[in-house]
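**Q** If you read the sequence shown in our numbering, its first letter stands for residue 23, the second for the next number, and so on.
Don't take each hint at face value.
To be verified - List of simulated lysine-lysine pairs, DSSO-like, C-alpha gap at most 27 Å:
#  : residue 1 : residue 2
1  : LYS344    : LYS108
2  : LYS203    : LYS215
3  : LYS327    : LYS344
4  : LYS91     : LYS60
5  : LYS283    : LYS203
6  : LYS344    : LYS148
7  : LYS332    : LYS232
8  : LYS60     : LYS189
9  : LYS191    : LYS108
10 : LYS283    : LYS327
11 : LYS203    : LYS91
12 : LYS344    : LYS191
13 : LYS81     : LYS191
14 : LYS256    : LYS108
15 : LYS332    : LYS203
16 : LYS108    : LYS60
17 : LYS215    : LYS256
18 : LYS344    : LYS332
19 : LYS148    : LYS108
20 : LYS189    : LYS344
21 : LYS189    : LYS283
22 : LYS203    : LYS189
23 : LYS215    : LYS232
24 : LYS232    : LYS203
25 : LYS60     : LYS81
26 : LYS215    : LYS91
27 : LYS108    : LYS81
28 : LYS332    : LYS91
29 : LYS148    : LYS91
30 : LYS81     : LYS189
31 : LYS203    : LYS327
32 : LYS256    : LYS283
33 : LYS232    : LYS60
34 : LYS81     : LYS232
35 : LYS91     : LYS232
Please keep in mind that the hints were generated in silico from the structure rather than gathered at the bench.
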Amino acid sequence: MVDKQDLLIGIDLGTSRSAVVTNRGGRAVFESLVGYPKDLIGVRLLGTTHLVGDAVLEKPYLQWLYPLKDGVIQGRSVQERDAAEKLLAHAITLAQPRAGDRVCAVIGVPANASRLNQGQVLTMAKPLLDIAMVVSEPFMVAYGLDQLSDALVVDIGAGTTDICALKGKLPQSEDQASLIKAGNFIDSLLCHKISARYPDLQLSTAIARKIKEQYAFVGTVNERIEIELRERGKPVTVDVTDELRSACEAIVPEIVEQLEKLIQGFDPATQADAVANIILAGGGSRIRGLGQMIADALRSYGDVKVSGVKDVFYTGAEGALKLASDLPPEYWDQIGVTAL
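Take the sequences, apply the hints, and build the full model.
**A** Here it is in structure tokens:
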């Protein structure tokens, strides 16, 4: 049983955005970004040594650092490690712990994250939390949706696309796959393709990301996508329809390939149910036409049905919180890697 002083937190630490929900009704989503002043002037303007979250985007005098790449902590430098710790600390602060609370968090990691990656998360969490558990991000989605059997979850984030086969038991490594072709891959490819067609444009992956988030699609579209950008400082209108389609469709073949492998891993008696219950989650699930394109590619497997989650930002964190609430923290070590 959960004690009244247990603060339970579901945390989805994403490469681009992170989400936090609590058993006390707290909810927050924020940019997975840490900003540091570039020099003494920046320190004076900011008034502190760092900033975390959306507010960093408003401060051009800060050095931006996304400490999670491909869904895992980057620790090649002291600053990267520091930024990751500050990101998790910010998430816990948003949960608003009170004096005397036992703070317990379930934290999502990419499907098939290595023991090293899991250990990095838990080492970082240990001084901040009383009890922590790491679980697969697509499993968190499935748990939150009560889709724990005869289902496939495709969680398309910024750093990774995580796929999980649910078979009525805790997913094993052979039931999961993690692909590095995800949102960031699309952004980079889109930036390259647009720049190749319009070489004088002033373009960045951040701008490409905004284009993707507003217009992303696969297959056919009724209207051409024309946007205003800058060419040598001057505003111009350019058509990016073909480049956007091509960039978004680039992630589809590997998703289909992994789904085919995981479908074959189901018991033959349940394969028909599994292909009729494919769920898209994460920011990439908003790509128009994606579900239909995946369904069409898998049509030879039977009556394929692909649906999307209603809330791409909170579904994973809510699943983590549900798991934390259903199982007393003392028993977390039975289903995940914990740090007590």
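**Q** Of all the hints given earlier, name the ones this structure violates by number, lowest first.
**A** Result: hints 8, 9, 13, 14, 30, 32 break, sorted rising.
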